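Model the placement of chain E on the given structure of chain X, informed by the hints.
Number of protein chains: 2
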Amino acid sequence: MQRYFIDPNAIEPGRITVRGDDVHHIKNVLRMTVGDHILCCDGQGKDYYTELVSITDKEILCRILSTFPSKGEPRVRVTVASSLPKGDKLEWVLQKATELGADSFLPFMSSRSVVRLDGKKSAKKRVRWQRIVKEAAEQSHRGYVPQVGNVLTWKGLLEKFPSYDQVLFAYEREGSSLVEVLQKTRSQRLLVVVGPEGGFTESEVEEAVAQGAVPVQLGPRILRAETAPLALLSCILFSFGEMGGEPL
Amino acid sequence: MQRYFIDPNAIEPGRITVRGDDVHHIKNVLRMTVGDHILCCDGQGKDYYTELVSITDKEILCRILSTFPSKGEPRVRVTVASSLPKGDKLEWVLQKATELGADSFLPFMSSRSVVRLDGKKSAKKRVRWQRIVKEAAEQSHRGYVPQVGNVLTWKGLLEKFPSYDQVLFAYEREGSSLVEVLQKTRSQRLLVVVGPEGGFTESEVEEAVAQGAVPVQLGPRILRAETAPLALLSCILFSFGEMGGEPL
Chain X
1 MQRYFIDPNA IEPGRITVRG DDVHHIKNVL RMTVGDHILC CDGQGKDYYT
51 ELVSITDKEI LCRILSTFPS KGEPRVRVTV ASSLPKGDKL EWVLQKATEL
101 GADSFLPFMS SRSVVRLDGK KSAKKRVRWQ RIVKEAAEQS HRGYVPQVGN
151 VLTWKGLLEK FPSYDQVLFA YEREGSSLVE VLQKTRSQRL LVVVGPEGGF
201 TESEVEEAVA QGAVPVQLGP RILRAETAPL ALLSCILFSF GEMGGEPL
Chain E
249 MQRYFIDPNA IEPGRITVRG DDVHHIKNVL RMTVGDHILC CDGQGKDYYT
299 ELVSITDKEI LCRILSTFPS KGEPRVRVTV ASSLPKGDKL EWVLQKATEL
349 GADSFLPFMS SRSVVRLDGK KSAKKRVRWQ RIVKEAAEQS HRGYVPQVGN
399 VLTWKGLLEK FPSYDQVLFA YEREGSSLVE VLQKTRSQRL LVVVGPEGGF
449 TESEVEEAVA QGAVPVQLGP RILRAETAPL ALLSCILFSF GEMGGEPL
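Going line by line, the protein sequences match chains X and E.
Under this note's numbering, the first residue of the first sequence carries the number 1, and numbering increases by one thereafter.
Under this note's numbering, the first residue of the second sequence carries the number 249, and numbering increases by one thereafter.
Looking at chain X on its own, in the form it has when it is part of the complex (with noise of 0.2 Å):
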């Protein structure tokens, strides 16, 4: 069923109001009619069921059926720090990862990204990404949106470190394996972060290491910087039991 995030402001006792962009996707987009049904979701892990009332072009009055949790927030919220890579690239990392249910995102610029956003094209391209991220999510039946951040330099990333349990980041050269390092940690929040397409320099390397972060190999085969991501938060999900079943 088709599912979509409303402010919560527009929640009332037995009634949703929907409003904006979503009018004309429910209106003319599915062509849906009074009567059918959409999945409201508050972003803030409830569901709400409900069946159209009234269409305008304006807004959709919906009444509340039923009520229930959102279920699809894994326990361990994992970062995703993707430096910035070719084409159209972390629009689909950041599509796929908020299917596969990373927390948030923060793309980054290091030495050897070969993409360069200055701050007004930036700010251009995170409302886009922001929009795929909401997208995936009301697909995939997340229970809140992950936000994106702004595109960081690499001090800036590194600066960020601190706030997490844990910061994993991807180094086909040397490193711990995944599996020994997902075994030792509980941790609750995770960064990973994923090079470009030329990888980290060397002294990235070390300022990485010397602000706490943990290189992990993903074993023999080389991954592209889109795929890595992909890969490591599937592994990483699926040792905390969130891709079916429990944690490892």
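Mixed in with the good hints, there may be bad ones.
[Claimed, not checked] Label-pair distances were calculated between CB atoms; the ranges are:
| # | chain 1 | residue 1 | chain 2 | residue 2 | range |
| --- | --- | --- | --- | --- | --- |
| 1 | X | SER66 | E | GLU428 | 27 to 37 Å |
| 2 | X | THR201 | E | ASN398 | 42 to 52 Å |
| 3 | E | LEU309 | X | ASP165 | 54 to 64 Å |
| 4 | X | SER66 | E | ARG364 | 36 to 46 Å |
| 5 | X | ARG186 | E | GLU428 | 17 to 27 Å |
Rather than coming from a laboratory, the hints here were simulated on the basis of the structure.
Remember, predicted model here, so these are calculated numbers, not experimental data.
Yeah, the Cβ is synthetic: ideal placement off N, Cα and C, and Gly gets one too.
Below, chain E alone, put in the same frame as chain X:
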């Protein structure tokens, strides 16, 4: 370093002759010259570190400097059967799954597959898919090129099940947890089956189970048809110690 799969017949004592499309890539795309180095892989588990000795439009002669076993092959062999998804999504499933370590691919059409290919179109597509897989295998340092099978009907796919030690299929509505299934299995030849955007029909699920397949759930979040095979593959390889480290 750039790496190419080479016809084993092109390998002679001490030297390798590169022919075909790779000549154009080495000469005109990368603009390499005599004295530059490339890695050649025989696609049968052996890598050759070589130096370019002579370059013409038709062939490039390489001197073998050293030989070593390809390191990129997982011990567990996972075949990915993916129902034809919309657009070019299968192309990136093929690319990413090859990087991660898939053994081979079986595209198929089931009741709810939106994309339909007749024999002619399917043969043309297969050439393209195989090229994508070859390039991904070269880039990710695989020891051989995974093979993409002919597009199968659902019935055709069911007939393949007995060739595998275990068949898992992603089913969001019910099934064992992936952790549970993987803890019990040490099968060496696995087939993972992922349905189209609209999922499997109930009768397809029954037919798959009757043929010995095990339905698995990938957790509470709804993964897209193109995300599920990559998540499944990552978790399986992780569980077998193929994403860095020992088996769980």
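How the hints compare with the structure:
1. SER66(X) with GLU428(E): 27 to 37 Å: holds, 31 Å
2. THR201(X) with ASN398(E): 42 to 52 Å: Because 46 Å falls inside the window, the suggested range holds.
3. LEU309(E) with ASP165(X): 54 to 64 Å: holds, 55 Å
4. SER66(X) with ARG364(E): 36 to 46 Å: For SER66(X) and ARG364(E) the Cβ distance comes to about 39 Å; the hint holds.
5. ARG186(X) with GLU428(E): 17 to 27 Å: holds, 20 Å
In summary, this structure violates none of the numbered hints.
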